[in-house]
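Asks: Construct the complete structure from the given sequences, taking the supplied hints into account.
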Amino acid sequence: MLLSIKIIIDYIKYNFPLTTLVVFIFSGIYLLIIDRADLSTKGLKRELKVVTAIGVFYIFGAMAVYVLRYIF
1 MLLSIKIIID YIKYNFPLTT LVVFIFSGIY LLIIDRADLS TKGLKRELKV
51 VTAIGVFYIF GAMAVYVLRY IF
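So the sequence shown is numbered by our numbering: it starts at 1 and just counts up by one.
Don't read these hints as lab results, they were simulated from the structure.
The calculated lysine to aspartate or glutamate pairs, modelled on EDC-like cross-linking and capped at a C-alpha distance of 20 Å, are:
1) Lys49 <-> Asp38
2) Lys45 <-> Asp35
3) Lys49 <-> Asp35
Ranges of calculated distance between the beta carbons of each label pair, as one might list FRET restraints:
4) Ile54 <-> Ile12: 15 to 23 Å
5) Ala53 <-> Thr20: 19 to 27 Å
6) Met1 <-> Tyr30: 31 to 39 Å
7) Val23 <-> Leu2: 29 to 37 Å
8) Ala37 <-> Gly61: 16 to 24 Å
9) Lys49 <-> Asp10: 33 to 41 Å
10) Leu2 <-> Ile33: 37 to 45 Å
11) Ile33 <-> Leu68: 24 to 32 Å
A quick note: this is a predicted structure, and the numbers were derived from the prediction, not measured.
Cβ atoms here follow ideal geometry from the backbone N, Cα and C, with glycine treated the same way.
Replies: This is the structure:
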């Protein structure tokens with residue numbers, strides 16, 4: 001079990017550099033600011049909820065991966 005967790009952490013360390021994490025954060029910001037405004041003017045409620053969830057997940061997921069990279 002611990003070996004598989006170590007393998008996953010090593011995979012994240014070497015395959016997700018800082019530029020990838022920055023791209024995920026900017027993608028999340030784009031989804032939350034620009035795409036949400038566009039979807040709300042079109043009246044697409046379901047898509048608005050999905051885009052909001054994905055944007056928040058991108059931002060907090062990227063920050064969590066960044067923190068985990070430096071803890072382990």
